[in-house]
Amino acid sequence: MSLPESVIHDIGYQRYDGPRLGRGYAARSLFVHGLRVAFGLGRSAKAKIFPWTVIGLIGIIAVIMAVIKSQGEEVDYQDIPQIASVLALVFLAVVAPELVSRDLRNHLLPLYFSRPIHRADYALAKLGSLISASWLLLAGPLTLVFAAGAFGTGDVWAELAGLFKGYAVAAFYAVIFSTLAVLIASITSRRAFAAAAIAAVFLVTLPVAGVLISLEHDPVSYLAPIGSPMMLPEGIREWVFGTGEVNVGQFGPLYGAAGVLLPATCVLLLLLRYRKVSL
Amino acid sequence: MSLNDSINNPSPPPIIAARSLTMVYPGEVRALSDLTVDVEPGIVGLVGANGAGKSTMIKVLLGLLRPTGGQVSVLGLDPAVSADEVRARVGYMPEHDCLPPDMIAAEFVTHMARMSGLPRTVARERASETLRHVGLYEERYRQIGGYSTGMKQRVKLAQALVHDPDLLLLDEPTNGLDPAGREAMLAMVERIGNEFGISVVVCSHLLGEVERICDSLVAIEAGRLLRADRIESMTAGLDVLAIEVAEGTEELARALADRGLPVRREDRALLVPLADEDVYDVILGTVADLDLPLHRLDQRRHRVAELFASKFASEEAVDVVA
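The listed protein sequences derive, respectively, from chains C and V. If you're matching positions, the first sequence starts at 1 in the working numbering and goes up one per residue. If you're matching positions, the second sequence starts at 1001 in the working numbering and goes up one per residue.
Extracted from the complex, chain V is given alone in its bound form (with noise of 0.2 Å):
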């Protein structure tokens, strides 16, 4: 189940290591069943429906709850034992409201941040530079119960990240925003793990709005695993190619065809499985040699919800875990 290596960086230690990590709350209720996953530095999606268990995964990682099965290490640190090391190197951002309405938000950021240990001056310039981070300038003077959601979203995130962490957990950062804050709230996030160089676990139930911005996804289903692995390997091998002629496109489909390449229609275009890099040029090839007006031909994407999607429809999860 481990994450494929990268090649610069042969084999760094992962940052969340759960082996066969159950939580059954009283009542019988199963939020998290044998899970097994190593997740290495970077930015990772944590992807479930609503219930899945990403909440109570969290809650574990940060030590608020103590897992009745197995192990977890967050940053080589079990957090059932070093609760207080791991708090200090972690930032975690909810997914509800959480913010004082009365208090204004630099304030309430450095406030924070000493709650976190920082020492008193350190905490008011950290707090000021990491609402200026989230896109808070001027604002930051003022109180928080006037703050759009966007705002208050930002301060939220500022509040996770001013002791500078480690490693963020980002509870649905993108929760009750408009299209625009989306997209700004998933920027932030994925220059806080490129440029700033922390890792981020962002959970989300929006597979399309994660994948995007991940290095690599974690997959849980009714608390146990579905998969986990990086972007690249769950996309590997299932692109394709998107050719379009102004004309003879039966004549093309013909024969590349005949040159053994599995074709396939969709309105005027032909899609070919992207098997290698050899595939351009045998399409080039024919298409020179038919004489062909090329109109388009370039490389789509398989977005990694419809991997999930046969997966869910194909069988029980219980197959992909096993």
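Just chain C, with the same shape it has in the complex (with noise of 0.2 Å):
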């Protein structure tokens, strides 16, 4: 195409001959890209409003808790990620939308979808960073406790392994709450609406499986917080660890059961989901 003549009046414009990374390149940088959506990085002061607020929120919980630490109280670290539950719930609500209804709203996926990367590979992308968001919000508490206890107290390792006991739980936590919340936000291109939906379904969720286990009746009582996505987690952790806020029973394996089955299938439904999204 480029005959010599033409050369001379181009002198603006650069062919490309490096390197082209492909689909495994631009996922991992949809995933970071996706990252760094979820706390306003790269983005104008008002969309960073909304994330650290919610992580300031979670920090004071987390610098009251290593006063009460430095004071000689025992702290469990597995307590925190419920406690800062309903604020991650508030983060995901929004951020979640953020992440996946505004692409379709903005028509963004004919100009991802014509590039190398597959739409399996988006919607996986999407899921790790909501993932990996909420997770370090809620592991990021612990970490500041550990940190401010791990000077005063004597035995470290038990310390350690109290804290990596809480990454678990937070990461329960955190598969559980995003897998639902990205599914949910796929389906609408509307913001607002993706969001209600989100806080819906687990809110209302909330009050029936407390209603349930307040009838203590022998199963259904120990199966009613299966049925809420904000308990599931607290039943996973009580099967795993045998520290849990809810009362299982002999339940536990379905508990964990369940810990992997609504995810999966979360996971499965997200895929479908842009395999029949239009472009």
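You may find that some hints are simply not true.
[Unchecked claim] Covered by chain C, according to a simulated footprint, are these stretches of chain V (three or more residues, beta-carbon under 8 Å):
1) 1058 to 1071
2) 1078 to 1090
3) 1110 to 1119
4) 1186 to 1197
[To be verified] Taking beta-carbon pairs under 8 Å as the criterion, some of the chain C residues facing chain V (in silico):
5) Gly12
6) Tyr16
7) Gly42
8) Gln82
9) Ser85
These are calculated hints, taken from the structure and not from any lab test. Virtual Cβ for every residue (Gly too), placed ideally from N, Cα, C.
Got two chains here, separate frames each, mind docking them using the hints?
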């Protein structure tokens, strides 16, 4: 194409012969981009207000816990994710639509899918961003409490073991909350609807499970927390570490299974959603 | 149906080759029907009315839709099989709005460059440069939401161009632009094709708009190929000479007819088909012999639109395809 004469005029435009990193790189970049969007990094000041307010509030919880701990009181790392879970839910209800509904609304998908990145890559990268963001949100205060307490008490190794168990509980919350939130947000292009739907799914099931638990009927009150995504992570914690806030009776393994099946189903539906999404 | 080869470049491989390409959507909606065409490198106009199958064609070329029949190759690759390789080397500018209003243009284009596989620093550099090439300078650090339609179209073009594709697919790039914006966009497309050396497929329902900048045209109607050829071969032999003399128009018309030229009157001018170069000499000789004051003698290009207009009018599209 480029005849010698035309090159003379072509002082501005440079052809690119360098590496083209392909699908995996694009997916990783999208993941990092999503993580930054979740915390409002690289975006306007307005976009930073909300996530950093939530982080600030969770930070206050962490500081209070750290102070309690420094007074010599016992603080279980595993309690912190549950204490922060409502804030984490609010965070997800805003950030999940920000990550997926916005792309639908702005018709960005044709631009993504006409590039090497695949539909499944896109969906999983977005999900990965949200899981990581919510995990960081929950694991941050644990780390803060650990840092504050580690130097005071003698047994650093026991503290460290407690911290990692706390991280694991934070992961239960992050995975269950995020898979559900992304799936709901991917259905609508309206951010407000998506946020309301996420809040509804989590908050409506909570009192229902609460009522069923209060019945104190043998299988019903032990099984009820499975039906609430807010309580399910606590049930898994009870089964894995025996420290959960809910009583699961002998149904522990069922909570484990639900902890795998619910996110797996959400991911499957999410992938199907993006396979069918119209461009 | 293959396009003519140019003299300098004996037989460049086609950038797009379709063989009996057929796309039937669920519900028996036939968007592409037995389409066979070879497209040479250069600027190609893909013209047809709305709903003729242009956007479907683009989606098939990008591997976003799998054709229900026939084959297609893009840059020598089958998009249904090697979608990743095709998409890494193709840039796509959709017809509709596709920009996030709350992102800064430079960051958005950088992000899209990375999605195309460009390393981080290269992505940033090329995003800045590409935005400059499409005419966005200081504005590129502002949020896209505050842009005019013309500026948004430029950003859309920039994101398609940022990874230096070998083929650019532009779906109605002048949509929604005012006349000045249309001119600027067409000039940019022409520059990309001729100076940057990137092949461009421009989809448009406005033939008159793209014919000026295209090397060749592919016209489709109801998913069928109407005609595909180089612009020159479409207009060859169809140009006319317009002659105006201050006086003696009748006299000249008779004299030219006597010399075997088919003459038509149009207002004050005489029109003679430009069959070959000798026609000039004959006309000038005749005017000189009659000693008439010649006002004007110029070549009038046939607009491609007229050809299609007559094609459409003449018979069914099937005849043209056959």
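Comparing the hints with the structure gives:
no., hint, result
1, 1058 to 1071, "holds (count 3)"
2, 1078 to 1090, "holds (count 4)"
3, 1110 to 1119, "holds (count 8)"
4, 1186 to 1197, "holds (count 4)"
5, Gly12, "6 Å, holds"
6, Tyr16, "4 Å, holds"
7, Gly42, "7 Å, holds"
8, Gln82, "34 Å, violated"
9, Ser85, "29 Å, violated"
Checked against the numbered hints above, the structure violates hints 8, 9; every other hint is satisfied.
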